[in-house]
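**Q** Given only the sequences and the hints, what does the whole structure look like? Please build it.
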Amino acid sequence: MDFGISEDQILLEETLRSFLSDRVPIERVRELRHEDCPNDPEIWQSLAELGMTGILLPEQSGGSDLGLLDACIAAQSLGHAVTPTPFLGSAVMVPTALKNLDHPEIGTWLSGIASGELRFGVAITETFSVREGAGLTISGGKISGKAMMSWDICGADFILIASGQDRLAVVRSDAEGIGQTRLATTDETRCTSELTLENVECAATFENASESISRMLDAGRIALAADCLGACEAMIEQAVAYAKERKQFERVIGSFQAVKHMCAEMISELEPARALVWYAAHSFDAVPNETPLLACHALSHVSEIGREIASVSTQVHGGIGWTDEQNLHFWFKRIGVARGLLGGPQWLRERAATLQGLDKAS
Amino acid sequence: MDFGISEDQILLEETLRSFLSDRVPIERVRELRHEDCPNDPEIWQSLAELGMTGILLPEQSGGSDLGLLDACIAAQSLGHAVTPTPFLGSAVMVPTALKNLDHPEIGTWLSGIASGELRFGVAITETFSVREGAGLTISGGKISGKAMMSWDICGADFILIASGQDRLAVVRSDAEGIGQTRLATTDETRCTSELTLENVECAATFENASESISRMLDAGRIALAADCLGACEAMIEQAVAYAKERKQFERVIGSFQAVKHMCAEMISELEPARALVWYAAHSFDAVPNETPLLACHALSHVSEIGREIASVSTQVHGGIGWTDEQNLHFWFKRIGVARGLLGGPQWLRERAATLQGLDKAS
Amino acid sequence: MDLSYGQKYEEFRMEVRSFLEENKPLQSESPLSSGRRQRLVEWLSLQIEHGYWARTIPKKYGGYGAEPDLLETVIMDEEFNRAGIPRGMSSQGPSMLVPTLLEHGSEEQRLRWISPTMRGEITWCQGYSEPGSGSDLASLQTSAKEDGDDFLISGQKIWTSTADRSQMIFILVRTEPDAPKHSGISYILLPMDTPGIEVQPLRTMSGDLGENSFNQVFFTDVRVPQVNVVGKRGEGWRIANTTLKHERNSLNANSEGTMIKLMRLMERETCNGVSAMASPVFRDRLMQLQARSMAMKFHAMRMVTCSLRDEAPGVAGLVTKLRNCQLNFDISSLAIDVMGELGALYDHTPYERDLGYWQAHSFFSLGLIIGGGTAQIQKNIISERGLGMPREPKPAKA
Amino acid sequence: MDLSYGQKYEEFRMEVRSFLEENKPLQSESPLSSGRRQRLVEWLSLQIEHGYWARTIPKKYGGYGAEPDLLETVIMDEEFNRAGIPRGMSSQGPSMLVPTLLEHGSEEQRLRWISPTMRGEITWCQGYSEPGSGSDLASLQTSAKEDGDDFLISGQKIWTSTADRSQMIFILVRTEPDAPKHSGISYILLPMDTPGIEVQPLRTMSGDLGENSFNQVFFTDVRVPQVNVVGKRGEGWRIANTTLKHERNSLNANSEGTMIKLMRLMERETCNGVSAMASPVFRDRLMQLQARSMAMKFHAMRMVTCSLRDEAPGVAGLVTKLRNCQLNFDISSLAIDVMGELGALYDHTPYERDLGYWQAHSFFSLGLIIGGGTAQIQKNIISERGLGMPREPKPAKA
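Quick mapping for you: the protein sequence lines, in order, are chains F, G, L and E.
Under the numbering used here, the first residue of the first sequence carries the number 3, and numbering increases by one thereafter.
Under the numbering used here, the first residue of the second sequence carries the number 3, and numbering increases by one thereafter.
Under the numbering used here, the first residue of the third sequence carries the number 79, and numbering increases by one thereafter.
Under the numbering used here, the first residue of the fourth sequence carries the number 79, and numbering increases by one thereafter.
By construction, these hints were calculated from the structure, which means they are not laboratory data.
We put the beta carbon where it would ideally sit given N, CA and C, even for glycine.
It cannot be assumed that every hint is accurate.
Among the chain E residues that face chain L by a calculated CB cut under 10 Å, a handful are [as the list claims (entries may be wrong)]: (1) P358; (2) V359; (3) R361; (4) D362; (5) P473.
Think about it this way: if two alpha-carbon atoms lie no more than 16 Å apart in a straight line, the pair counts; the simulated EDC-like pairs of lysine to aspartate or glutamate are [said to hold, decoys possible]: (6) L:K375 / G:D4; (7) F:K246 / E:E470; (8) L:K472 / F:E252; (9) L:K223 / L:E186; (10) L:K223 / L:D256; (11) G:K362 / L:E462; (12) L:K472 / G:E252; (13) G:K249 / L:E145; (14) G:K249 / E:D214; (15) L:K339 / L:E430; (16) F:K362 / E:E347; (17) L:K310 / L:E181; (18) F:K148 / F:E203; (19) G:K101 / G:D287; (20) L:K137 / L:E208; (21) L:K86 / L:E181; (22) E:K259 / E:E208; (23) E:K472 / G:E252; (24) G:K246 / L:E462; (25) G:K101 / G:D42; (26) E:K339 / E:D432; (27) L:K375 / G:E292; (28) E:K472 / L:E145; (29) F:K249 / L:E208; (30) L:K339 / L:D408; (31) G:K144 / G:E200; (32) F:K144 / F:E119; (33) G:K249 / E:E208; (34) E:K375 / F:E292; (35) E:K259 / G:D4; (36) G:K144 / G:E209.
**A** Below, the structure written as structure tokens:
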């Protein structure tokens, strides 16, 4: 019995965190927000060199064939550093969806992801939330319709699209008939867009892909929870560090019981949530029948404590925490946007109930 | 514009509080819990002499013809002193229900309440919550069935019963076919029972009484909120007083920021709730079309903050607050039991939404 | 309890209402647009003439000269809000400086500053907070050194709204460096175009650089005559507390309008074909907020009544800001939640709801929880002044 | 991560399971019923013989003498829970005194007390808290004055569970009144039938006077030999902290079973013909609690792993009690809510659900939030020891 991360996983985390603090410090994140899209291709390439983009891919694709827990450790570090990157879509969700499907191109695509040559956008929001008349239909190898809140479309080579609960398609991002509009959110570290498709030629289509879609969503939810957990961790660290330095009333504010208890509340919420995310990620490979429920609980729980931690750690900073200059808001907003990205907590909880048949009660 | 209680109302409050602290101190409440029923007839008689039992009744019945706000000030004082009394049923709900109905006995009954000679039990739970197969039917002037969680049945002369949403009946408590079983709750200051009726002769029945029933429930909900508010107030007072006295770590615990902030949170919830209860009570006589919504909001809101205040003020006391000896639990439990008595907060909120037509959204 | 205003006041209400119908005021133009200043001055002057602005300020200082009457104020607020018409001035000159001058200023200062300030001819900003002095405002370090009949001011202020477009600043500076921290502070007026003043915009997390923006102001040997001190030298802390009291009241945003906006949003916003209002879980949260919002509304009426009756509101008077800020933050949180993945849209992007109001409101409410004394300071005040709990003991010297 | 136990441990699990199937132990009898003591001693002795009790205690002290193995402990706990069979002893002798004696006791004390304590022949109670010393335990005032080779103990203890049926007490007393408060305390063992000891039951808000009851214990010139001190005189505070650590761990109630009980209740409980589980609002609260409960379960597994790996758990090791107590209180709150007006039924009244479990659980959880160090003390510890935040400054002498 060993519930925890291994030495290899600790090494992975240390390597990635040291790379990120070195190469993508917050100053670099600040610069990137002025680009049309924050997803810096150089970061992606470096993550590929570190083995991160192929973390879930088999060795024959050039991947390192690790599990979702490893991917989550990476996601947590990326959230901790608020790194702009299509990791969640390209390195977690797309590989999960495609690696068990059958198509002649898949090998090439997956190798391209592992080597960092290819990046994928994902358009899967409508599998759980249809708004603004969005929706997609595939007919005769062509796909048409609209997808809201697609991720990482800018600069992507391909886009993975879910049309309904059981059909997937891959299109080239430069295929004729594709239109995209950047949808700016408060989070300047994530690329989100509206995608319109008019009779777009699919590079591949997959029917009866419901299992792939739900595995993809589960993996995405757990990794997003990990990203958000990392961001929470960073906010608490900053709040505690600031409280130990900042003086008011001739004392460091961290010696005031009110401030201490705010920090104690935050960390006491964070630590058990870490175990929940770890177990959810572990289950994905070890006990997959438990995963759908755990994915809902992990993401909804982290979303809830995330809102509280984001708000309280900002409050610990006082007015300074509210300035752009202090940078704290990058984490605040990353956590805030994660809250809706793969289903809001309320939706996830109702799904958790449904998975247990509890909604059938009369 | 004058939003607040009047000098007469302040006088009423002072008179009642001074009577209660004098004649029904907590030591007397402790004694009464060992009785089969805590409703002491002497207290009722004294409340009648103070004009409390007839507070809502017209002068021709011997009442003082005051409004629900006055009754709520009384209820708040009774909650503040955790006084065991059938005030809520006999002096608020029964007069509200009966005074606009037509029956030759009503004058006698109301006069009896005002003078303190009569006490009523109420069996109205099934108008909002049917459990355990309860329910009542009236046929040919006889009533049969079961009512759960009826109040103040012990020692009552009559019982007011609602059978469904639009029919009321009054029965003599000693009529043949009536059975009652005391249902003990955690609150030892309130008398609750199960009532069974087998072909019981009604002293009066009223059809098409839906307006009377809903007015009665609104009045009851607002007065119960006031009772609970008074209990909350008393708990905060006790917590603050204890925190100013109790020393730990060579300081009074009230000088610790954590304890201060707990008290500040409690009082900051209490004060606006007071205004809500006042306005709800005021609306009952002045703007009755607003009352049903306000009654739901007042009781559900006070129930929510009440749970928090009861728990936090006990925590301020530390282990001592958890002892029987400290008496704090009488308030804790009065608040806890009020939470379900006329609809739990979740039920009341759904009703508030329904009253605004919000449940019709699709 | 009597919630009618009575005939006299209802007549006053009708007067205000017809005035507003007749006079089309300048609407929510950018404060920076050309020609606006002139229209603003005209509009404020017209209001003063009718007594709807500067109502209780004596005529000799350029006001209308009426007796103070809280109900009239409440009615004017209600009617301007109802008509959706801004009073025209939200700067800190009329709301904070003018009351201070009336209470502590010299006759000369009153005669010189009050009238043009109320008419909008002069915009003021407030120089209180410093990067090192937030909750502990009295620890401020901006210094004013005597130099003949002048002071030379050096230091830095932060959170200075409208500094970029103000002609004047009222500022707290340390004039007596050796006095105890609360007794060494003076309250000084000075022009923003004095040499040595530099204004830098301060970007906040909301990214907003519009009308609600903030600035940092840097002072390097800024010369100001000693006669510009308001009240006595060294008494600035006490004088500033008069204005801070005004600020605390002005931070009490009413949530009624926001609640209505939220309900419209929830009726309109659909996910998978079902409106947010049709979700029992969202509806339950909405009803919780509605009850809290109503409680705060009636609480405000109670506080107005206390003033009318000249009663001390006690602890009830101290809790408003704490609860309103949290309420507003929670209202925007529900709004953001019902919009799901679109709840984070911002910055005038397509599909953004209510012009990005909800995210902005959320940032702004969080700022209010922090600003004007953090929630922690509020709770200290509530427990100490309101409940009579002891102050924390002074720490022993290390 | 590897959550399998491996073959060796699965075999051990099967051994425990078949032992439990074969041996019908004494069930949840009243601890006061006659003959129970004898059956308890037999049952505990049988367990020790097979190594399921006193497993790691050396043979010479009456234990089984196995090497410590946390997984074996976990498996035994799981299997006893699964079978619904109590270990037999929940008193503070085995859980708190015995570890202390093993660490700090003299050889003579170990030989004399450990074996009969583990076998249930002696029941111990714990005399730590005093009415004036709750959170600030080190301020305790019960005094032990030297009198020849003895001490004379006078004072009062509170929250002394099982004092009414214990043969012995381990107690903290002040032996050096002039020493600083943490250095004047000694840890002493004494028989409860010593003249001068009086036990009074302490009723709590839950009204419970059963197995979970508490007492006050009064000491008037109670004579005890000085050799009964454990460890060195004046070192009681340090020694007691060993046992307090054991207590903090033992307070970590697992909520998994309670959650299952709540789900059953919600399926069964109907209002107006609709079950509580069919209410989206109640279901949403249930799912929130389920997520929290799962998080605490996995957190506990992480903590066990830390011990297995001999890793320091850091701040994560300090948060368990705070979060579990609040979770348990919140679980019972939902249960009480779904029962509506019947949620308050108590004291074995008709229609009471689950034998009054939920109200009792609510009172008990609130007690745990307070007991064993209030939530406030927990948060001090988390922030100071876990996050390295500074202690509050010592107050200046008034």
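**Q** Each of the hints needs a verdict: does it hold here or not?
**A** Hints, one by one, checked against the model:
no.: 1; hint: P358; result: 4 Å, holds
no.: 2; hint: V359; result: 5 Å, holds
no.: 3; hint: R361; result: 9 Å, holds
no.: 4; hint: D362; result: 5 Å, holds
no.: 5; hint: P473; result: 3 Å, holds
no.: 6; hint: L:K375 / G:D4; result: 14 Å, holds
no.: 7; hint: F:K246 / E:E470; result: 12 Å, holds
no.: 8; hint: L:K472 / F:E252; result: 10 Å, holds
no.: 9; hint: L:K223 / L:E186; result: 24 Å, violated
no.: 10; hint: L:K223 / L:D256; result: 12 Å, holds
no.: 11; hint: G:K362 / L:E462; result: 48 Å, violated
no.: 12; hint: L:K472 / G:E252; result: 14 Å, holds
no.: 13; hint: G:K249 / L:E145; result: 51 Å, violated
no.: 14; hint: G:K249 / E:D214; result: 9 Å, holds
no.: 15; hint: L:K339 / L:E430; result: 15 Å, holds
no.: 16; hint: F:K362 / E:E347; result: 15 Å, holds
no.: 17; hint: L:K310 / L:E181; result: 12 Å, holds
no.: 18; hint: F:K148 / F:E203; result: 15 Å, holds
no.: 19; hint: G:K101 / G:D287; result: 14 Å, holds
no.: 20; hint: L:K137 / L:E208; result: 37 Å, violated
no.: 21; hint: L:K86 / L:E181; result: 30 Å, violated
no.: 22; hint: E:K259 / E:E208; result: 15 Å, holds
no.: 23; hint: E:K472 / G:E252; result: 10 Å, holds
no.: 24; hint: G:K246 / L:E462; result: 11 Å, holds
no.: 25; hint: G:K101 / G:D42; result: 26 Å, violated
no.: 26; hint: E:K339 / E:D432; result: 9 Å, holds
no.: 27; hint: L:K375 / G:E292; result: 15 Å, holds
no.: 28; hint: E:K472 / L:E145; result: 53 Å, violated
no.: 29; hint: F:K249 / L:E208; result: 13 Å, holds
no.: 30; hint: L:K339 / L:D408; result: 14 Å, holds
no.: 31; hint: G:K144 / G:E200; result: 8 Å, holds
no.: 32; hint: F:K144 / F:E119; result: 26 Å, violated
no.: 33; hint: G:K249 / E:E208; result: 13 Å, holds
no.: 34; hint: E:K375 / F:E292; result: 15 Å, holds
no.: 35; hint: E:K259 / G:D4; result: 57 Å, violated
no.: 36; hint: G:K144 / G:E209; result: 14 Å, holds
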